[in-house]
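**Q** Given the coordinates of chain A, work out where chains B and C should sit on it, guided by the hints.
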Amino acid sequence: MSKESNKKNYRILIVDDDISFHKDIRQAPVFLQHYEFENAYDAKTLDKFLKSGVQFGLMVLDLVLEPTREHETPEKIKEKVETGLTRIKKIRAAWPNTPIVVATNHNILSIADKAINLGADAFLYKPEYNPEEWEKRFRRVIEDRALAQENEDLKQQFTPIQPPIAPFLGISPQIETIRQLLKVVADRPDLTVLITGETGVGKGVAARFLHYNSQTRRDKPFVTVDISNITPSLRESELFGAMKGAYTDAKTDKKGRLQMADDGILFLDEIGELDKDTQAKLLQFVQTKTIRPMGAEKDIQLDVHIVAATNKVLKEEVKNGNFRLDLYQRLKVFPIEIPPLRDRREDIEILLEHFLNVKSREFDKVFEPDVRHLLFKYDWVGNVRELENTVLSMKIQQEVRGLSLITFECLPEEIQELKRTAQSVFHIAPIKTVQADAPAEDGEAIGDVNEQQSLIMLQAIEKALIKKNGVKNDVAAELGWKSSDLVRYRIKTIHEKFPQLLSHFPEIRRRYKKLFV
Amino acid sequence: MDIFFLATNQSVPAYFAQHVGAKGLRMMPFLYEDGLSNCEAFVLFSPLYVNGHYVSPDSVWKKYCGQYSPEMKFLTAGFANPSTSDNCLEISDLPDDLSQFITNAKTAADVNWKPTDTGGLDMMDVLCRFFNGHGNESIMEQFSKLLRIPANIQSALNLNFPLQRIYNLYLSDGDWAGRWQVFLNRWNRYYPFFACLPFYPKFREIEKIAQKINLFFQSDEGDINLYLQIGCSEGIETIKNLLAEIAPHVEGIK
Amino acid sequence: MTPHRNLIVIWKWDDVENVKPVTVAGESAATLFCVSQKLMPAQLKEVLNQLVQPNSLSVILLHESDEIETSSRLKVVKSAANKFKKQVVRHDLFYKGQHFIYFSTINDTGLIDGNGRLVSQKSRLKDKDGHWSNDFSVLDSNGDILSRYFNTVWDFYTHRARFRIFDLKEQFIVDMTRQQLAQYGHPLPILLGNPDFALLREKYEESFKILTAGVLTEIYKNNPAVNQHYQNLKNFLDNIPLNSENYLRDAARHFRELLSEMPGKIY
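Protein chains in written order, with the numbering used here: chain A, 9 to 525; chain B, 10 to 263; chain C, 731 to 997.
Hints in this document: simulated from the structure, not taken from any laboratory.
Errors might be hidden in some of the hints.
To be verified - Output of the computed footprint for chain B on chain A, the stretches with three or more beta carbons under 8 Å from beta carbons of chain B:
#1 19 to 33
#2 36 to 50
#3 133 to 140
To be verified - Computed list of lysine-lysine pairs in PhoX-like fashion (alpha-carbon distance at most 20 Å, straight line):
#4 A:31 - A:59
#5 C:816 - C:805
#6 A:56 - A:97
#7 A:262 - A:289
#8 A:84 - C:805
#9 A:289 - A:259
#10 A:86 - C:856
#11 A:471 - A:403
#12 C:856 - A:84
From the three backbone atoms N, C-alpha and C, an ideal C-beta is built for every residue, glycine too.
If we strip away everything but chain A, and leave its shape as in the complex, we get:
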């Protein structure tokens, strides 16, 4: 479809006391054919339009709708600008879907920021009038708002975006070898796979890669269990299921994860956290391929390919008496160790390409050379997950700051520090179990939210804080949550669970600094 045929007839309302401005826009060559205009020269006429029920494709709005008089103090002029900014809110309330472009003679960044935060879609500086550029901007703003409206509805739910099945990326010889190994073992359900490596190296991704490459199980369930996320007392029922009445809260029969993974693959993450009793039961399954749910009288035969993962050194755990030797020996039948990212830096480029969705030859259109250099130099103690989170965080910072490129300032402090010192200060906090004692306002147990969801939640909170200037009740309202206490609670809980994430959100850290002391 050609660009020309894409053009629609737009109806634009210009709100400005400068009659010549109305005339110049109306008569601009690019607007002559496909645009029609209505005019409001003062606030009174604007109000009439707002009450009339008429809708426009776009509004072009000047902030000051009265001429400046002699003897007008700077405070008076500022007051007029503030009134103009407040007007944006009023317009937005009456016309939530109409794009608003502020066009003014005042090229002050703070005014532009305020205007955008109050609901304007773009800010144009009149002395830089360029009809072609303005027309493109108008069209873009109209299209962006339509898209933003759709996204807004989706974002409200905080539904975690399920990542697409990611190929197991890397060009290093180590990753190449691991890919080959995973392909080999994908259709060997008799071989229990134990994937080891530091936090964030991609153990889960490797497990999915295995699933994807299984000819027989690709279309069958891939069930994930993060052992560390389950309260110890609930692990048995979670894995093996429970009959109604098997324990106090068991009001119905509950299918365990192993049953859900029947014919497919069960990915047991953080297997090193498993308690001894549950280890015993798991061992039994590995040996007999049968389970007995809690309170059940009979065993159930299952066909599940077990893929386990841990960042612990299980050998040491066995030595320390924390892990059963026999289970360990059955699990380590096919061990795969994924090296840390700092030991295979050649993989950083392809991972960045993937997370940024941009080829490496176009990196200079995404970030400054400084940034690129530091990204390759940093040690990535949190490995691929840290890299992914960092990319997300940089993009958030870029968007919030309104930059065309990711700059040094968008980097997390730890990476910025590289420029000053040679050391990374990123710490991995020990993973704690989250107590699911949250106020049950939304009926959602925060303990169920994983890292990706936490990041999305923090992103939304960061944006809301900036938009609402840190007014916490307004932030809660913006997020659709009942109270500001819930905002605080969620930040606190995420901080306890994933403390490394918060370094990417300076506004949250500023507004809730007591949480981070």
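**A** For chains B and C alone, coordinates are given in the frame of chain A:
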């Protein structure tokens, strides 16, 4: 040492020269073409007599010299007051050791002294009113309006509009001529005062361009070809840029 | 018979369509005429022809503005001044700045605010401390102009006293004290009568009138400080030889002292 000076009443520097000559100092008239780069000391005889008015451009000169020749000794001289400042000379009561006085004077960039009020029109105030307007639009707002029509004309040329159509759309109603006249009214009123200012050459350049552009507005035809030949759009853009270069030298611009 | 004094101010008056007269309290022979600057040149010509009468004196002040086309209106004013040479004692352009017609809260002089009105409680102006205030007014309770405000403005524009004194200070005293003149050492009255100084006398004749015709005494009859300093200056110029020690310094001082007592600026 050579002391460069600016004055409109030639009797005054002549009188002054009699004193400094005796001390081995030489008075040299300041020439815009030469600029300030070789000036060790500069004396502004204030007020100056420009356009039938006494004007005091002292603070404009100090700010300008402070930027472009910060180490230079900048002094003002006149009959305003008995000298209460290290940098202001009372001509009726010159110090015995003028050479020493000049050596001890503060530099142009030193913020610890302000020129005395010599009683003329405060040129910083005049410049401020020129740029800000008074109850009117600022000069930059005027240019913002002025340049919209050329932007539309250029856009129309890019889209291969017939010249007659361009004329009909953007020039035939005289609106653009009216906007130009609004600028010209202000310009003609203020320009004669600018002859006393350090960046007068820029204003002179603006005057030349304005006169050239005025040929288009004075022509009866309103011919687009004439518009292009004279370079009206480029000329207005150049005037705007020159004003933008001058603006930082003016305090109080909104 | 005292000629009627007409102060004709062509400006962006707030509530004036064409012309509006304003009386001066206690002065039957003085009127302020508020003329709208929006009048076309032809209309303005008509108005001025009506206002400038044979047995009157007029001061015509035209506001300079970006919006109105000033030069054609100025032509009309100059033409009226030329036609009525004896009646139009002064005509000038004015604009916001130091022009005397604008009210000065420091000197308590002037008539208009910046927003199209005679200064009254509707006018918001900065007082000498820099605070905005509505406490100034040039009008009495009947809406007539208080005579002292009118007269000060009239005197300023007709005599340009302050400008002339300033001009003498800036131009004359240095001319006078150049070495080759100082050798003569004559006091001022002799100087003025001396044919050697004919050119100099001609150059400063107009300005000297302010000192010799008793004009200052008349204008500032209510200002003893001005009169005192004026006398001091006159005595100095009349009696002190040019080649006396510190002539230039003392002359400058006398001029300055007089100027410091005369309100307003030099235009």
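**Q** If a hint holds in the structure, say so; if it does not, say that too.
**A** Structure-based check of each hint:
1. 19 to 33: holds (count 5)
2. 36 to 50: holds (count 3)
3. 133 to 140: holds (count 6)
4. A:31 - A:59: Violated. Residue 31 of chain A to residue 59 of chain A sits at ~25 Å, over the 20 Å cutoff.
5. C:816 - C:805: Holds, because 18 Å separates the two Cα atoms, which is no more than 20 Å.
6. A:56 - A:97: The given pair, whose Cα atoms are some 16 Å apart, holds under the 20 Å limit.
7. A:262 - A:289: 17 Å, holds
8. A:84 - C:805: 38 Å, violated
9. A:289 - A:259: 23 Å, violated
10. A:86 - C:856: Given that 20 Å is the threshold and the Cα spacing comes to 19 Å, the pair holds.
11. A:471 - A:403: Distance ~12 Å between residue 471 of chain A and residue 403 of chain A Cα, so the pair holds.
12. C:856 - A:84: 14 Å, holds
Consistency note: the structure conflicts with the earlier hints numbered 4, 8 and 9.
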